[in-house]
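Enquirer: One-letter residues, chain by chain:
2 protein chains.
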Amino acid sequence: MTLPAQMKALIQLHDGYSGTQTGPNITDLTPFLTDETVSVPAPGDGQAVIKVHLAAVNPSDIHFIKGEYGQPRIKGVPAGFEGLGEVVAGDTPLLGQRVSFFASASGAWAEYAMTDASGLVPCRPDLAEVDAAGQLVNPLTAIAMFDIVKESGADSFVLNAAGSQLGKLLIALGRDHGIKPIAVVRRTAQAESLRALGAAEVIVTGELDPLGTAKDVFQTLKPRILLDAVGDQFTSDLFFAMPSHARWVNYGKLSTDAPALTQLGQMIFQNKQIEGFWLTRWMKEVDPSRIPQAFVEIQERFISGTWKTDVAGIVPLSNAMDKLPEVLARPDGKAFIDPRA
Amino acid sequence: MTLPAQMKALIQLHDGYSGTQTGPNITDLTPFLTDETVSVPAPGDGQAVIKVHLAAVNPSDIHFIKGEYGQPRIKGVPAGFEGLGEVVAGDTPLLGQRVSFFASASGAWAEYAMTDASGLVPCRPDLAEVDAAGQLVNPLTAIAMFDIVKESGADSFVLNAAGSQLGKLLIALGRDHGIKPIAVVRRTAQAESLRALGAAEVIVTGELDPLGTAKDVFQTLKPRILLDAVGDQFTSDLFFAMPSHARWVNYGKLSTDAPALTQLGQMIFQNKQIEGFWLTRWMKEVDPSRIPQAFVEIQERFISGTWKTDVAGIVPLSNAMDKLPEVLARPDGKAFIDPRA
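So the protein sequences, as listed, match chains A and B. My numbering numbers the first residue of the first sequence as 414 and each following residue consecutively. My numbering numbers the first residue of the second sequence as 414 and each following residue consecutively.
Note that these hints are calculated values from the structure, not bench results. It cannot be assumed that every hint is accurate.
All copies of an identical chain are treated as equivalent in the list; a pair is satisfied when it fits inside any one copy or across any two copies.
Claimed, not checked - Below, simulated DSBU-like cross-link-like pairs (lysine-lysine); rule was C-alpha separation at most 30 Å, straight line:
#	residue 1	residue 2
1	K697	K628
2	K563	K697
3	K736	K635
Bound-form chain A, shown alone:
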């Protein structure tokens, strides 16, 4: 297969970190990205080039392009962590196959992406494009963090930003394993659909005395794990309202709060703990057989319908600079970039 020399891509304008902490919201991409024609990446040893069919847009992508993520930006390189496509070059038996990928070498918001061939995930033919394009970051994180929940031994757990795509995956896992999800959301409007999905309780932070509600719920359900994508003061308050041995597992930072530890003594006397979860580290540390096993489960879940991808919108690569912020602002769904359009 002959690759073209050039491709369209959303290219990063900056190197390294910004030093700011402004959260994953974005109204204008132009300070960070530019829509350009650049060279198609050439694979080195162990690398594969993928013709992108559909790229996902995750909160971590926005943190990253703003220079606020845990790894440095590289100026001139396309953005976009995750996508779906066809393997078109590289030393891999998967040449010609449809794969999900995490773009470690050249980003997914482009006509062609490049990554380590060892990380490619072949997709079942009956797996829908939106499910396949987002099957790494959110679904694998959900599986990994739910392993933590199962190991906690409790029969309930707390998650916030519960209306997010990842939140909904976690609620469905809780429902299917009989471990009650306690969902924390901002808006009353989200509560009903999350209950229908399988949330045992919904705490709405926009309502009166959400902490009081949480305390009542915790008294009955005794959750041990708090899966936190927000990192605000209310999260800290929730943590200190949880029973002994609670673990606050932070994996995202939707809020720009610097939450205060108002009852530090609970770390001592109630054996509580605060830690972080990062998929990248988990993948290095977990028993390697867990990952392919997880992808079998992930694809089966999407195909059987126990998981579903809510789509906020699919934006053509050619006008993503213009349209992406507007689609990202829509509640309760995931945005995608289509480089074929």
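Go by the hints and put chain B onto chain A.
Expert: The following block gives chain B in isolation, referenced to the frame of chain A:
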């Protein structure tokens, strides 16, 4: 041996918790304790009564009598967690022996204390009274937390309140095991003596830009463990200035700050962790052989002089209500109560 029916004791005036968080300073004991004559405790199954020779006063005692410690007060029962004395009643082969004890049933700030016989620690005859009276809480905590430091694999560690009795024990352990102590103290005057004791670096919070100093030190020494008895904002700032994989181990709350987590993302990307240490839990969870082994080491250290107890003052029980706050206010030494005087 016939016990008297009555004894002098400092009796708690309140039950349970106060709900306040005012720290371990105290200027007046009268809101919390009263000097009274009460019945000598009678041992139940598995309990022992000890004629107290000398009782220690630790920060945890002050937190406790103020209703701010991790276990509830009992009105009418003597205060005081720790002491030295002679076993005078109870079903134990240690009857008549000199023991250190943790007063679980009736407190040590009294002529007689009562505890579980299984927790009595026989003392070598050459162990000084002040060393023996304080050999449980601080020395065992030092040994236990230094095990955490050793397990971290780093060749340095950070400790604050480093001028405290416990701080000095930890510095000596670091010195003797070749794991460099980075000592954090408030006053410049403390720095020289801690360096002489074995601190590799001293960070003085009262000096200009202590965080900048800490960053330079951490760059070179790369400590992984922060042993924290303070829990203030500077502790949080230190933690976030430490390298990847740092663990903030809180074991005390000298400050009344509610420290803010200004860089929560480090939990995710740098695998940092916040946890608590409580000796009571450690004693339940550790390999049981570690405890008697630790007491052999503790007594040997005091007798050989690699550890020493700095005494701020010894107050007779009969006027402890008056004099104790003044002795506690002296820097850099430990207060004791003598019920024989």
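Enquirer: A separate judgement is required for each hint: does it hold in the structure or not?
Expert: Against the structure, the hints come out as follows:
1. Taking the shortest Cα distances, K697 and K628 sit within 30 Å of each other only across copies (29 Å), while inside one copy they are farther apart (36 Å).
2. When the C-alpha separation of K563 and K697 is checked against a cutoff of 30 Å, the pair qualifies both within a copy, at 20 Å, and between copies, at 25 Å.
3. Proximity of K736 and K635 under a CA criterion of 30 Å is satisfied in neither setting, with 44 Å inside one chain copy and 46 Å between copies.
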